[in-house]
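Chemist: If you want the building blocks of each chain, they are given just below.
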Amino acid sequence: MTRPILSARGVDKYYGGRVGCRGVSFDLYPGEILGLVGESGSGKTTLLNVLAGRLSPSGGRVLYRGPDGSEHDLQQLSEAGRRRLLRTELGFVHQRAGDGLRPLVSAGANIGERLMAGGWRRYGRIRSEAADWLARVEIPADRLDDRPADYSGGMRQRLQIARNLVTRPRLVFMDEPTGGLDVSVQARLLDLIRHLAARLDLAVVLVTHDLAVARLLSQRLMVMKSGQVVESGLTDQVLDDPQHPYSQLLVSAMLQV
Amino acid sequence: MTTMLTVEKLSKIFTLHQQGGVRIKALTDVSLELSAGECLALAGPSGAGKSTLLRCLYGNYLPSGGKISLRHLSEILDLSAASPQKIMEVRRYSLGYVSQFLRVIPRVSALDIVAEPLLETGAETAEARQAARELLNRLNIPPRLWALPPATFSGGEQQRINLARGFIRLRPVMLLDEPTASLDRANRKVVRDLIYEAKESGSALIGIFHDDEMRSLVADRQFQMAPPNGREKAE
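Chains as they are written, first to last, in numbering that gives the first Met the number 0: chain A, 0 to 256; chain B, 0 to 234.
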């Protein structure tokens with residue numbers, strides 16, 4: 000049996016007296032997509048930020064297991080060590096593409112920056128790799144030198160995905176990657192994420208409030224309410240036979256998936 | 000004959016928390032056994048729990064009681080106690096589900112939807128697509144549709160796309176949920192042949208067939224089901 004790429008044990012996050020998330024434990028395996036669903040304020044994004052090492056937990060541990068089997072507690076790493084991981088083996092896709100991009104440098108430089116952080120030095124190679132990734136996320140090659148600020152919302156989000164995936168990460172955190180995009184743009188992005196995740200054998204923790212997105216992309220689901228995981232299981236089982244009253248409420252409120 | 004699947008005293012009760020905790024009994028004490036190479040037809044009126052049983056066997060519904068034992072690779076696995084990872088593995092190698100309802104994926108072509116189950120187990124793209132073409136051909140889907148996403152296809156075409164996806168890789172145990180409903184005569188014959196071929200290759204099948212003629216052609220045995228005594232109010 001392969002070993003988990005990410006393990007959470009009893010993860011708590013409090014903001015003063017307020018609960019962000021509480022008592023969350025799970026294992027994520029290589030190549031697996033785990034959906035975190037629940038309504039706004041249920042603690043999904045807080046949990047995601049703790050898992051990605053962007054917030055420190057109030058209690059519990061998060062372990063990332065590298066390709067050589069070494070375990071890293073993201074909180075115990077030095078700032079430089081954590082940044083190195085976040086730029087190479089890990090990725091983070093923000094809901095607002097602007098939060099994950101540099102708006103004033105070119106698209107090519109946005110992609111190339113991660114490569115340079117990973118030790119790439121030759122300009123020509125970096126540029127051709129960046130162009131290759133633009134094509135993979137279906138952005139025309141002649142937009143390579145444009146700034147993200149001049150891109151449409153859907154293109155900006157695809158660029159953010161290219162910037163994350165260019166270093167061939169093994170684990171990517173995604174926070175509502177299709178939120179705020181209109182439906183046709185969303186469909187293209189979903190297909191792209193689905194395709195790339197399968198091709199690159201990515202493990203993904205995906206936060207979404209949209210159960211149709213979760214159904215399409217994730218194999219497993221965790222349903223969160225008031226900071227706690229109230230139900231987890233195979234995606235189709237949780238959506239077709241939800242057990243917890245709150246999961247039943249969520250599923251019955253969904254239009255059609 | 001090798002026993003592929005054993006169901007012991009399986010029960011399923013749905014608790015509807017949104018409706019004041021109403022409990023609906025869907026299955027009570029269902030027991031059956033299935034051997035390699037045979038096809039068992041589930042019989043009984045609408046509401047007898049035939050589809051619910053198939054969904055419990057596939058891991059789609061959580062059983063409320065009882066045990067499901069499935070032969071998986073070289074072991075006998077208790078499905079009712081298996082982890083999600085294990086169930087995914089079981090579905091990849093040992094357990095298939097064929098239904099008429101296609102869940103359309105935006106922008107993915109009919110050909111690739113059909114080829115996907117082969118790719119999941121490591122087949123080469125070219126080989127998987129070739130197998131998909133052959134099956135789409137057999138099911139009379141015109142080649143001009145193959146490269147298109149099935150979202151705009153007719154109901155009958157979508158149904159046959161899903162049948163192709165279900166049959167492209169035979170698994171040792173196959174669950175068939177009304178595979179021939181609303182098919183025309185020519186396509187019913189194709190599905191009949193696909194079922195024959197599955198049996199011949201040693202797959203064990205459990206199916207719901209509303210079409211009596213089809214049932215008598217493909218099924219070796221029947222399993223009679225009756226609706227459990229309805230609803231009970233939670234305490």
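In case anyone wonders, no lab produced these hints; they're calculated from the structure. Hints are not guaranteed to be accurate.
To be verified - Here's a subset of chain A near chain B, in silico, CB distances under 8 Å, partners left out:
id : residue
1  : HIS93
2  : ARG95
3  : VAL184
4  : ALA186
5  : ARG187
6  : LEU189
7  : ASP190
8  : GLU230
9  : GLY232
10 : LEU233
11 : GLN236
12 : ASP239
13 : ASP240
14 : GLN247
15 : LEU248
As the list claims (entries may be wrong) - What follows is a set of in silico ranges between Cβ atoms, one per label pair, in the way DEER data are often shown:
id : chain 1 : residue 1 : chain 2 : residue 2 : range
16 : A       : GLY65     : B       : LYS66     : 34 to 44 Å
17 : A       : MET115    : B       : ARG143    : 44 to 54 Å
18 : A       : SER69     : B       : SER200    : 39 to 49 Å
19 : A       : ASP144    : B       : ARG106    : 48 to 58 Å
20 : B       : ALA185    : A       : GLU38     : 47 to 57 Å
21 : A       : MET115    : B       : ASN139    : 48 to 58 Å
22 : A       : GLU78     : B       : ARG143    : 25 to 35 Å
23 : A       : ALA252    : B       : ILE75     : 56 to 66 Å
24 : B       : THR2      : A       : TRP119    : 55 to 65 Å
25 : B       : LYS66     : A       : ALA252    : 27 to 37 Å
26 : B       : ASP192    : A       : ASP98     : 50 to 60 Å
Nothing here was measured: the structure is a model prediction, and the numbers come from that model. Yeah, the Cβ is synthetic: ideal placement off N, Cα and C, and Gly gets one too.
Chemist: Against this structure, judge whether each hint is valid.
Modeler: Hint by hint, here is what the structure shows:
| no. | hint | in the structure |
| --- | --- | --- |
| 1 | HIS93 | 23 Å, violated |
| 2 | ARG95 | 23 Å, violated |
| 3 | VAL184 | 11 Å, violated |
| 4 | ALA186 | 4 Å, holds |
| 5 | ARG187 | 7 Å, holds |
| 6 | LEU189 | 6 Å, holds |
| 7 | ASP190 | 4 Å, holds |
| 8 | GLU230 | 10 Å, violated |
| 9 | GLY232 | 6 Å, holds |
| 10 | LEU233 | 5 Å, holds |
| 11 | GLN236 | 6 Å, holds |
| 12 | ASP239 | 5 Å, holds |
| 13 | ASP240 | 4 Å, holds |
| 14 | GLN247 | 5 Å, holds |
| 15 | LEU248 | 6 Å, holds |
| 16 | GLY65(A) / LYS66(B): 34 to 44 Å | 40 Å, holds |
| 17 | MET115(A) / ARG143(B): 44 to 54 Å | 47 Å, holds |
| 18 | SER69(A) / SER200(B): 39 to 49 Å | 45 Å, holds |
| 19 | ASP144(A) / ARG106(B): 48 to 58 Å | 28 Å, violated |
| 20 | ALA185(B) / GLU38(A): 47 to 57 Å | 49 Å, holds |
| 21 | MET115(A) / ASN139(B): 48 to 58 Å | 55 Å, holds |
| 22 | GLU78(A) / ARG143(B): 25 to 35 Å | 58 Å, violated |
| 23 | ALA252(A) / ILE75(B): 56 to 66 Å | 40 Å, violated |
| 24 | THR2(B) / TRP119(A): 55 to 65 Å | 57 Å, holds |
| 25 | LYS66(B) / ALA252(A): 27 to 37 Å | 34 Å, holds |
| 26 | ASP192(B) / ASP98(A): 50 to 60 Å | 56 Å, holds |
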